[in-house]
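Turn these sequences into a full structure, and let the hints steer you where they fit.
Those sequence lines, one after another, are chains B and U. Mapping the first sequence onto my numbering, position 147 (from 1) lands on 181, and the numbers just tick up by one. Mapping the second sequence onto my numbering, position 88 (from 1) lands on 122, and the numbers just tick up by one.
In case anyone wonders, no lab produced these hints; they're calculated from the structure. Accuracy of the hints is not assured; some may be wrong.
[Stated by the list, open to error] Below, in silico cross-link-like pairs of lysine-lysine (DSS-like), each with a Cα-Cα straight-line distance of 30 Å or less:
{"no.": "1", "chain 1": "U", "residue 1": "K79", "chain 2": "U", "residue 2": "K447"}
{"no.": "2", "chain 1": "U", "residue 1": "K79", "chain 2": "B", "residue 2": "K355"}
{"no.": "3", "chain 1": "U", "residue 1": "K447", "chain 2": "U", "residue 2": "K191"}
{"no.": "4", "chain 1": "B", "residue 1": "K348", "chain 2": "B", "residue 2": "K272"}
{"no.": "5", "chain 1": "U", "residue 1": "K355", "chain 2": "U", "residue 2": "K191"}
{"no.": "6", "chain 1": "U", "residue 1": "K290", "chain 2": "B", "residue 2": "K272"}
{"no.": "7", "chain 1": "U", "residue 1": "K290", "chain 2": "U", "residue 2": "K272"}
{"no.": "8", "chain 1": "B", "residue 1": "K191", "chain 2": "U", "residue 2": "K191"}
{"no.": "9", "chain 1": "U", "residue 1": "K79", "chain 2": "U", "residue 2": "K38"}
{"no.": "10", "chain 1": "U", "residue 1": "K38", "chain 2": "B", "residue 2": "K290"}
{"no.": "11", "chain 1": "U", "residue 1": "K38", "chain 2": "U", "residue 2": "K447"}
{"no.": "12", "chain 1": "B", "residue 1": "K191", "chain 2": "B", "residue 2": "K348"}
{"no.": "13", "chain 1": "U", "residue 1": "K290", "chain 2": "B", "residue 2": "K355"}
{"no.": "14", "chain 1": "U", "residue 1": "K290", "chain 2": "U", "residue 2": "K348"}
{"no.": "15", "chain 1": "B", "residue 1": "K290", "chain 2": "U", "residue 2": "K447"}
{"no.": "16", "chain 1": "B", "residue 1": "K191", "chain 2": "B", "residue 2": "K355"}
{"no.": "17", "chain 1": "B", "residue 1": "K348", "chain 2": "B", "residue 2": "K447"}
{"no.": "18", "chain 1": "B", "residue 1": "K38", "chain 2": "B", "residue 2": "K79"}
{"no.": "19", "chain 1": "U", "residue 1": "K290", "chain 2": "B", "residue 2": "K348"}
{"no.": "20", "chain 1": "B", "residue 1": "K447", "chain 2": "B", "residue 2": "K355"}
{"no.": "21", "chain 1": "B", "residue 1": "K272", "chain 2": "U", "residue 2": "K191"}
{"no.": "22", "chain 1": "U", "residue 1": "K355", "chain 2": "U", "residue 2": "K272"}
{"no.": "23", "chain 1": "B", "residue 1": "K79", "chain 2": "B", "residue 2": "K447"}
{"no.": "24", "chain 1": "U", "residue 1": "K191", "chain 2": "U", "residue 2": "K272"}
{"no.": "25", "chain 1": "U", "residue 1": "K355", "chain 2": "U", "residue 2": "K447"}
{"no.": "26", "chain 1": "B", "residue 1": "K272", "chain 2": "U", "residue 2": "K355"}
{"no.": "27", "chain 1": "B", "residue 1": "K290", "chain 2": "B", "residue 2": "K348"}
{"no.": "28", "chain 1": "B", "residue 1": "K290", "chain 2": "U", "residue 2": "K272"}
{"no.": "29", "chain 1": "B", "residue 1": "K355", "chain 2": "B", "residue 2": "K290"}
{"no.": "30", "chain 1": "B", "residue 1": "K38", "chain 2": "B", "residue 2": "K447"}
{"no.": "31", "chain 1": "B", "residue 1": "K191", "chain 2": "U", "residue 2": "K272"}
{"no.": "32", "chain 1": "U", "residue 1": "K447", "chain 2": "U", "residue 2": "K348"}
2 protein chains.
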Amino acid sequence: MNLKIETAQLAAELDTLASFSEAPAPAVTRIVFSGTDRQAREYVKRLCADAGLAIREDAVGNTFARWAGSEPELAAVASGSHIDAIPNAGRYDGTVGVLGGLEAIRALQRSGFRPRRSIELVIFTSEEPTRFGIGCIGSRLLAGVLDGAADTRLAGKDGETLNHWRTAAGFAGDLAGVRLPQGYYDAFLELHIEQGPLLERAGIPLGVVTAIAAPASLRIRIEGEGGHAGGVLMPARKDAFCAAAELVLEVESAAKSTGVIDTVATVGVCEVFPGAINSIPSEVRLEVDVRDTNEARRDGVLAEIGDACVGVAKRRGVAVKTETINADMPAQCDARVVESLTRACATHRLGFQTMVSRAYHDSLFMSRIAPTAMLFIPCRGGVSHRPNEYASAEAIECGVLVLAETLADLASK
Amino acid sequence: MNLKIETAQLAAELDTLASFSEAPAPAVTRIVFSGTDRQAREYVKRLCADAGLAIREDAVGNTFARWAGSEPELAAVASGSHIDAIPNAGRYDGTVGVLGGLEAIRALQRSGFRPRRSIELVIFTSEEPTRFGIGCIGSRLLAGVLDGAADTRLAGKDGETLNHWRTAAGFAGDLAGVRLPQGYYDAFLELHIEQGPLLERAGIPLGVVTAIAAPASLRIRIEGEGGHAGGVLMPARKDAFCAAAELVLEVESAAKSTGVIDTVATVGVCEVFPGAINSIPSEVRLEVDVRDTNEARRDGVLAEIGDACVGVAKRRGVAVKTETINADMPAQCDARVVESLTRACATHRLGFQTMVSRAYHDSLFMSRIAPTAMLFIPCRGGVSHRPNEYASAEAIECGVLVLAETLADLASK
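The following block contains the structure:
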């Protein structure tokens, strides 16, 4: 099989996709169901149609582009990722798996390969948690981890529900119908930038992911007492932001205290009310993300954060409420799919290392309904979710090549 | 002189004024130059016109409503306050001085009193710093503490300048022309709620303010390194929000460490970028307010905060930039005006105590161009800048009565 990746064309397509952004280049901001997300979807669908793929969209906007196999009644082999981007992000997170997945299919088409099983490209809705506070909404629904109740239960800061946003974006129908049965896919693969520095540091072009870390996220709401910044003396204060500041430092120290490098915790969202320079904060809302490759250790950090909330509430006379947004199980990748990936690396004489994904991916949920694995490529400095996120054309080419080879292998069986 | 305050009508007018709000009752949000601010201005001007007062507006929207005296060429006696309100504030801060000042004039008119000097009600623009990050813009311009350059130098978070906002609100002309000459007013008086608990606690109906504390405010910008919340390990992080959390606690401890109850410091504004749950904060902006009755002690706290910024920057490898928004001088009230106020209290057999204003007021700047004093009335629990801010109709009546008596005294001389 003569696989030739059109790297320059793929790079140009990634550039075009990056132009659908609410933030000026090089930053990319593309919130799910926004105008730029809808433009980006149209662009990707057009590219899929140009490649002769048959397109289907489900009620939440997950998009499936199918290259029919010679035995279309068999379970398909799928690959995909997401195109939404957090505020002020970069251009490679997710998109490399979508446009790279498409280029893998086109390379197979050009090579004259004819798949036995259908090969399907999947573009997942709302991998990023920006709008609804919870990530991987599309893949959670596909896997049945979220059910139809999410339609009205999930809402953004604007108070508008998932139902409002998806129907406004043109995705109608019953959300419960999104779920796919076990066995619908024979295998699922996701190509992605590493979002960490290990491959680059080791000088290894590819990472074959054997497990995906289990993230958990919390909302913490601190209610103190507001008042005029001049009028209320220090001993009388119940400043919600001072209490929040203590919690932020406790979250950091809880993650560091496990003594294991794999534990990370982040307070990425903070809202201070009323938010005026001359007003004592009466309420603060924090959002906390805790990850570990070991679920028990991660839950230990969550428990420590819970204890810190109780301590701060008592010491400062504020009310602290915590709410678990989600606490997912870690995923083990499928041995057969991992093996197919490693064989493809060998075929193309590309070095790889097996590794754990610390970041969150749709594969975490796809692994519940399909044999799943991921393929990582290095990104500069391990930087992700920032405007200077960068993966070289050569790195992407290696990833697409091995993805194509693996899809061909799996689709032939 | 038979002074009769129409307390019920005044209470109804305060209620109506509170209805011009972007927040639902009982909260009041009325940002300067917003639609609700403009509606509120129209309402107050109509009441002034109904009282037969001649209205003038300057280029920044300061509004002057004059009751001409029998010798109109003499410098007028003035009283006033503001009607803008921070987000989620109450209904008495500022408004009691505006509508109460108007009712004082109407009570004098009803009594048959005929002033020698003109009496002028002043409604100051943007006492609150919400939109432009600095308070008392109207009175600063009147006193020459801000000059015409503020027109393009001051801008809101939306990037729009003072010039944009004031002209959009219909206030044209050269900002430099707002400044009033020394001697333009023979005296200035401001009636205001205390915004602290002292009068209520002491059971004393009135506070005669002899000095106004000197506030200072800072903007602190912390630049760390962002990244994916899963991908960057704890030892490699330069989390701007963790650095900010340390600074928030340092600000609190700097204020407490003076050992003097009069020192207060508040971090009321915090913005976290990019502000996504799965993204390490790359940048945080804080706004800090420091007040003291003693300028040297206040500046000591500012210096301690500056040292803390240097320390955090070094320890965490982040960049911390501080910018002084303003650092005003404290004001001493004028002995003659204070004496007129205390005499008026005695005339009406109302108890008073002399006190210091810890909060920021337009009087701080008016004191630079006119003999100035303030009159405080108690507010429940000392609460201000919150929806449950409350001053009783009786407390307001006492304040308006003494204000009217004092205006009559000063306008007769």
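Going through the hints against the structure:
| no. | hint | verdict |
| --- | --- | --- |
| 1 | K79(U) with K447(U) | holds, 28 Å |
| 2 | K79(U) with K355(B) | violated, 46 Å |
| 3 | K447(U) with K191(U) | violated, 47 Å |
| 4 | K348(B) with K272(B) | holds, 11 Å |
| 5 | K355(U) with K191(U) | holds, 18 Å |
| 6 | K290(U) with K272(B) | holds, 14 Å |
| 7 | K290(U) with K272(U) | holds, 28 Å |
| 8 | K191(B) with K191(U) | holds, 20 Å |
| 9 | K79(U) with K38(U) | holds, 22 Å |
| 10 | K38(U) with K290(B) | violated, 69 Å |
| 11 | K38(U) with K447(U) | holds, 22 Å |
| 12 | K191(B) with K348(B) | holds, 29 Å |
| 13 | K290(U) with K355(B) | holds, 27 Å |
| 14 | K290(U) with K348(U) | holds, 24 Å |
| 15 | K290(B) with K447(U) | violated, 72 Å |
| 16 | K191(B) with K355(B) | holds, 18 Å |
| 17 | K348(B) with K447(B) | violated, 62 Å |
| 18 | K38(B) with K79(B) | holds, 23 Å |
| 19 | K290(U) with K348(B) | holds, 20 Å |
| 20 | K447(B) with K355(B) | violated, 52 Å |
| 21 | K272(B) with K191(U) | holds, 28 Å |
| 22 | K355(U) with K272(U) | holds, 15 Å |
| 23 | K79(B) with K447(B) | holds, 28 Å |
| 24 | K191(U) with K272(U) | holds, 25 Å |
| 25 | K355(U) with K447(U) | violated, 52 Å |
| 26 | K272(B) with K355(U) | holds, 28 Å |
| 27 | K290(B) with K348(B) | holds, 24 Å |
| 28 | K290(B) with K272(U) | holds, 14 Å |
| 29 | K355(B) with K290(B) | holds, 23 Å |
| 30 | K38(B) with K447(B) | holds, 22 Å |
| 31 | K191(B) with K272(U) | holds, 28 Å |
| 32 | K447(U) with K348(U) | violated, 62 Å |
Checked against the numbered hints above, the structure breaks hints 2, 3, 10, 15, 17, 20, 25, 32 and satisfies the rest.
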